[in-house]
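Start from the sequences, fold in the hints, and give me the full structure.
Heads up: the sequence lines are chains H and V, in that order.
Position 285 of the first sequence, counted from 1, bears residue number 285 in my numbering, the numbering being contiguous throughout.
Position 173 of the second sequence, counted from 1, bears residue number 173 in my numbering, the numbering being contiguous throughout.
Check before you lean on any hint, since a few could be wrong.
[To be verified] The list that follows gives simulated cross-link-like pairs (lysine-lysine, BS3-like), each with its CA atoms no further than 30 Å apart:
1. V:K186 with H:K341
2. V:K163 with H:K94
3. H:K97 with V:K31
4. V:K107 with H:K61
5. H:K73 with V:K133
6. H:K23 with V:K163
Hints in this document: simulated from the structure, not taken from any laboratory.
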Amino acid sequence: MVKKEQLEFHNLKFHRYFNDIEKAAGDIESMLKSDYRLSKRTIALLLLQDDEEIKALVKKKEKSFDDIDSIIKKTRESCPEPLQYLIMLEHQGKVEKILREVVKNHEKEESSIEQWLDNITIRPLTGIPILLLVLYFGLYKFVGQFGAGTVVDFIEGNIFEAYVNPWINRLVVSLIPYKPVQELLALDYGIITLGIRYAVAIILPIVGTFFLVFSIIEDSGYLPRLALLVDRTFKVIGLNGRAVIPMTLGFGCDTMATLVSRTLETKRERIIATLLLALAIPCSAQLGVILALLSGRPYAMAVWVGFIFLVFLLIGYLSAKILPGERPDFYMEVPPLRIPKLNNVLEKTFSRMQWYFIEIVPMFILASVLIWFGKITGLFDFIMNALAPVMSSMGLPKKAAEAFLFGFFRRDYGAAGLYDLQKSGALNGVQMVVASATLTLFVPCIAQFSIMVKERGIKTALAIVGFIIPFAFISGIALNWMLNTLGVAL
Amino acid sequence: MDCCKSRKSIFSFLKKNFIDKKNEERSETKKHKLILVGTPNVGKSVIFNYLTGSYVTVSNYPGTTVEITRGTGKIGDEMYEVIDTPGMYSLIPITEEERVTRTLLLKEDPDLVIHVVDAKNLERMLPLTLQLKEAGLPLMLVVNMMDEAERLGRFVDIEKLGKILEIPVAATAAAINRGMAEFKRKVADYGKKRAA
Chain H
1 MVKKEQLEFH NLKFHRYFND IEKAAGDIES MLKSDYRLSK RTIALLLLQD DEEIKALVKK
61 KEKSFDDIDS IIKKTRESCP EPLQYLIMLE HQGKVEKILR EVVKNHEKEE SSIEQWLDNI
121 TIRPLTGIPI LLLVLYFGLY KFVGQFGAGT VVDFIEGNIF EAYVNPWINR LVVSLIPYKP
181 VQELLALDYG IITLGIRYAV AIILPIVGTF FLVFSIIEDS GYLPRLALLV DRTFKVIGLN
241 GRAVIPMTLG FGCDTMATLV SRTLETKRER IIATLLLALA IPCSAQLGVI LALLSGRPYA
301 MAVWVGFIFL VFLLIGYLSA KILPGERPDF YMEVPPLRIP KLNNVLEKTF SRMQWYFIEI
361 VPMFILASVL IWFGKITGLF DFIMNALAPV MSSMGLPKKA AEAFLFGFFR RDYGAAGLYD
421 LQKSGALNGV QMVVASATLT LFVPCIAQFS IMVKERGIKT ALAIVGFIIP FAFISGIALN
481 WMLNTLGVAL
Chain V
1 MDCCKSRKSI FSFLKKNFID KKNEERSETK KHKLILVGTP NVGKSVIFNY LTGSYVTVSN
61 YPGTTVEITR GTGKIGDEMY EVIDTPGMYS LIPITEEERV TRTLLLKEDP DLVIHVVDAK
121 NLERMLPLTL QLKEAGLPLM LVVNMMDEAE RLGRFVDIEK LGKILEIPVA ATAAAINRGM
181 AEFKRKVADY GKKRAA
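And the structure:
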């Protein structure tokens with residue numbers, strides 16, 4: 001073990017400096033008069049290691065801070081290496097001594113299957129095909145076709161449209177004589193017939209299947225390996241492999257992912273990640289609906305994936321160029337691959353679905369109420385008309401504006417609106433791609449926006465949204481123009 | 001807002017409600033405070049869930065917990081406030097999450113700090129144990145993922161480790177529930193000793 005010997009060698013060489021540090025720490029200790037919760041020795045060592053927070057604290061509490069500071073400076077000058085490094089070596093040395101006594105290694109090599117799996121998931125040549133397989137079976141087949149197709153069709157068609165909606169409509173119409181109240185509860189945009197139906201029949205099966213797949217992938221330990229795999233690609237966009245975690249989480253829920261972007265090391269990285277999450281990462285519900293929408297047309301799907309991926313790279317690259325700062329190096333723990341346990345996976349899936357459901361239902365109801373309010377006041381039609389030219393420049397029917405309006409409330413709500421539109425046969429292949437792509441880029445939902453404000457500050461959040469809205473529509477127009485010019489039929 | 005916050009497990013929801021009610025009058029007397037610390041991805045959240053019967057998201061990648069989570073659980077005969085923290089590598093913080101944990105250690109007055117480590121990577125993790133001990137915190141060490149270490153052919157003499165460090169040490173494989181009851185008993189013992 002070469003590494004170990006080196007450490008010990010260093011220890012011998014530097015140990016005598018540690019005596020200086022030890023003495024300095026002792027001196028400082030005796031000068032600390034206040035109570036710090038942590039021991040005085042620890043405070044002294046932290047001071048020697050240049051810990052700003054502790055320094056500020058001690059400066060406030062001790063009259064003799066200047067004397068302490070001069071000890072720190074003197075010690076630092078007398079040592080050839082940073083004090084933090086020397087102290088770390090000292091601890092490391094102690095630990096090795098302890099471990100020699102308590103650890104018995106019957107060095108077994110990592111089992112060959114595990115090593116093999118490790119290798120093939122990390123190397124680009126095999127890693128990328130594996131990633132594609134995971135995406136194809138996990139996302140496309142299971143979430144897209146089974147969740148968003150089979151299950152949604154069953155709940156939508158066999159339960160809501162066949163029983164719930166007609167029954168609610170009849171009940172509401174016969175009990176309540178006022179048309180506006182009827183429309184609030186039922187009919188085309190009612191709380192029950194639209195809000196609850198979207199939530200239960202379309203969104204829930206999709207996020208349920210997604211969270212199931214995601215939990216399995218998560219528990220298997222595949223994500224950190226994915227991080228290593230894409231580290232190089234991510235460097236181009238000013239992020240390192242560590243950002244894979246917020247990004248993949250974003251495919252589950254961008255709100256949650258924005259929160260997790262806190263684990264990135266620099267402010268610059270956090271801003272880039274927040275922007276990309278808001279712009280180019282569709283959340284699971286949105287993704288599921290779009291997968292279902294385009295699943296009958298593989299080429300349309302390919303164009304959508306390619307376009308979003310391009311936007312992701314382009315905007316990432318540009319923002320990395322514009323925002324100043326260095327690119328931090330990548331360091332991450334790679335946990336072993338594990339076989340996910342059914343119990344854990346189910347518990348996690350349920351807890352996420354529960355959380356998701358609790359969050360979306362009020363939003364869906366609120367959206368229904370607002371749309372209802374907009375309808376009876378004529379505001380809705382006004383906005384729809386105002387959006388009509390934008391829609392037509394993207395080659396979309398006027399009714400598509402509805403989906404974008406819904407998208408303001410939640411990403412998935414907008415996608416669900418699109419799903420409704422497509423079922424009525426109002427869109428052809430190109431239109432569907434353009435609408436899906438624009439909607440994917442379009443505003444983050446209200447929840448995500450509020451987290452953006454909380455994490456990055458109101459100015460950054462507004463700047464990001466102010467960029468995204470026009471950018472989404474311009475991209476839509478460009479994509480439509482491109483597809484039409486090339487004469488692609490999808 | 002986010003699912004990482006403590007959310008009660010569906011299964012233990014009723015049970016816990018019941019326990020909470022029963023202990024309401026007693027909780028007026030001061031609850032013991034227990035803080036879980038350690039490097040990311042060593043199993044702090046699994047242990048938190050075990051001690052409190054609530055559910056925080058656990059996963060097999062580092063950095064799932066980005067905020068402090070508080071829960072309550074009964075250990076032995078005492079009620080404990082259990083605090084789960086974002087990962088920390090050393091007492092000197094580098095990222096925001098690490099700062100969160102250290103600030104917590106500076107501000108709170110814990111009755112017990114549990115340092116959770118990965119048995120496979122003791123070399124890298126025990127330095128923090130030494131730092132925490134040096135800081136004079138009431139410390140206990142949990143060597144987790146014993147099963148995975150053993151599969152790699154690595155055996156740790158837990159008793160000896162405890163003697164050298166002069167703190168209680170427990171060996172667990174939290175994900176498969178091994179050694180957890182024993183660990184809980186050690187926490188309860190520690191509480192009793194401190195009280196006496």
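> Which numbered hints are broken by the structure, listed smallest first?
Replying inline: Of the numbered hints given earlier, the structure breaks just one, which is hint 3.
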